[in-house]
Amino acid sequence: MQQTETLNIQTSIDIVLVRQAVRQMAVEIGLSLVDQTKIVTAASELARNTLEYGEGGTVKLEMLQEGRKRGLRLTFEDQGPGIPNIEMALKDGFTTGSGLGMGLGGAKRLANEFEIQSAVGEGTRVIIVRWK
Amino acid sequence: MEHIPILEMGNFLLVTIQVDMHDQLAMTLQDDLTNRISQTNADGVLIDISALEIVDSFVGRILGNIARMSRVLDAQTVVVGMQPAVAITLVELGLSLTDIWTALNVEKGMALLRSSLNKTKNQVKWRADDDAAD
Chain F
1 MQQTETLNIQ TSIDIVLVRQ AVRQMAVEIG LSLVDQTKIV TAASELARNT LEYGEGGTVK
61 LEMLQEGRKR GLRLTFEDQG PGIPNIEMAL KDGFTTGSGL GMGLGGAKRL ANEFEIQSAV
121 GEGTRVIIVR WK
Chain U
1 MEHIPILEMG NFLLVTIQVD MHDQLAMTLQ DDLTNRISQT NADGVLIDIS ALEIVDSFVG
61 RILGNIARMS RVLDAQTVVV GMQPAVAITL VELGLSLTDI WTALNVEKGM ALLRSSLNKT
121 KNQVKWRADD DAAD
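Chain order of the listed sequences is F and U. Using this note's numbering, read the first sequence as starting at 1 and increasing by one per residue. Using this note's numbering, read the second sequence as starting at 1 and increasing by one per residue.
Chain F with its partners taken away, still in its complex shape (with noise of 0.2 Å):
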């Protein structure tokens, strides 16, 4: 298996597809399987909002080591209109779209590290990290 891996996201079927090849890393870095679902619902929130709000991107899929430690990080991209308020992003219930407003905020909640960057007008890169 490959250590690094770049996926398309253009439509909903890719969104199955990302949450696909996160499992079969999380499985590969030996992440029990409660870690490898939060890791891939985590997946699927991102994919979809970079599909959604992103006007679609990619992600990046990095199998991580540090010293024995193993970890997955998953860089989601896009170069969308971007995010005005993140602060108001994260919070829970807040959509400007069809979901729920758990996207953002819940991928935080079950991810070990968690990181946005976000310009008007530029795009969007949020990246999370779960460690086993």
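Note that these hints are calculated values from the structure, not bench results. Do not take every clue at face value.
Okay, derived cross-link-like pairs now, SDA-like style, lysine to any residue, Cα gap no bigger than 20 Å in a straight line [stated by the list, open to error]:
#	chain 1	residue 1	chain 2	residue 2
1	F	K132	U	G60
2	F	K91	U	I4
3	F	K91	U	G94
4	F	K108	U	A87
5	F	K108	U	G60
6	F	K108	U	V91
7	F	K132	U	L97
8	F	K108	U	G94
9	F	K91	U	A85
10	F	K108	U	S96
11	F	K108	U	D32
12	F	K108	U	E92
13	F	K132	F	D14
14	F	K108	F	V129
15	F	K132	U	I88
16	F	K108	U	N65
17	F	K60	F	G123
18	F	K108	U	I88
19	F	K91	U	V91
20	F	K132	U	A85
Derived coverage of chain U by chain F (criterion: at least 3 residues anywhere in the stretch with Cβ under 8 Å from a Cβ of chain F; other residues may be distant) [what the hints assert, rightly or not]:
#	segment
21	49-57
22	100-111
Note that the Cβ used here is the ideal one computed from N, Cα and C, for glycine as well.
Model the placement of chain U on the given structure of chain F, informed by the hints.
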């Protein structure tokens, strides 16, 4: 177009989700189920999600929609078979399926639907008896 099969069992509809659901498929299921409840006059809907490896906020919303729509059409929905890892993740995600009845497995879900149906029927019968006494 892809559809998730809906089985009829007496006055109940039975759905077993066996595939990794993409968003369009989930929305198709929502439409199909709502139509079938109305066509078949079903009293209950049982959705088995034991094969689902994740439930994200989108699928959660669809399940909630199905439960509320079936309620409006006088049917009760019960979701059964959620994997423990999925339940843990759902709670951490922050999603509470408050409008949805859940049961551990198909057997318990069926029992729940039957008992809720009996209760409603008894209430109706009661009211009829009251009228007769007047």
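Going through the hints against the structure:
A hinted pair counts as satisfied when its Cα atoms are at most 20 Å apart, and F:K132 with U:G60 does not qualify at roughly 27 Å. As the CA atoms of F:K91 and U:I4 are separated by approximately 34 Å, the hinted pair breaks the 20 Å bound. Simply put, F:K91 and U:G94 have alpha-carbon atoms about 11 Å apart, close enough for the 20 Å limit, and the pair holds. With a CA separation close to 17 Å, the supplied pair F:K108 and U:A87 stays within the 20 Å bound.
With a C-alpha separation of about 18 Å, the suggested pair F:K108 and U:G60 falls inside the 20 Å cut-off, and the hint holds. For the hint linking F:K108 to U:V91, the alpha-carbon distance of about 13 Å falls within 20 Å, and the restraint holds. Under the criterion of a C-alpha separation no larger than 20 Å, the hint pairing F:K132 with U:L97 is inconsistent with the structure, at around 29 Å. For the suggested pair F:K108 and U:G94, the alpha carbons sit about 11 Å apart, so the restraint of at most 20 Å is met.
A distance of roughly 24 Å separates the Cα atoms of F:K91 and U:A85; the hinted pair therefore is violated under the 20 Å criterion. Pair hint F:K108 plus U:S96 holds up; C-alpha atoms about 17 Å apart against a cutoff of 20 Å. A threshold of 20 Å between alpha carbons decides the hint, and for F:K108 with U:D32 the separation of about 34 Å lies outside it, so the pair is violated. Note on F:K108 and U:E92: the hinted pairing holds, with a Cα-Cα distance of about 10 Å set against a maximum of 20 Å.
Annotation: proposed proximity of F:K132 to F:D14 is violated, straight-line Cα distance about 26 Å (limit 20 Å). Simply put, F:K108 and F:V129 have alpha-carbon atoms about 10 Å apart, close enough for the 20 Å limit, and the pair holds. Restraint check for F:K132 and U:I88: the C-alpha separation of about 17 Å stays at or below 20 Å, so the hint holds. With a CA separation close to 25 Å, the supplied pair F:K108 and U:N65 exceeds the 20 Å bound.
A threshold of 20 Å between alpha carbons decides the hint, and for F:K60 with F:G123 the separation of about 16 Å falls inside it, so the pair holds. For a cut-off of 20 Å, the pair hint linking F:K108 to U:I88 stands: about 15 Å separates their Cα positions. For the hint linking F:K91 to U:V91, the alpha-carbon distance of about 16 Å falls within 20 Å, and the restraint holds. Restraint check for F:K132 and U:A85: satisfied, since their Cα atoms lie roughly 16 Å apart, inside the 20 Å limit.
Residues of the segment 49-57 of chain U with a Cβ under 8 Å from some Cβ of chain F number 5, which satisfies the need for three, so the listed coverage holds. Check on the segment 100-111 of chain U: 0 of its residues sit with their Cβ under 8 Å from a Cβ of chain F, so the three-residue criterion for coverage is violated.
Figure legend: structure checked against the earlier numbered hints; hints not met, in rising order: 1, 2, 7, 9, 11, 13, 16 and 22.
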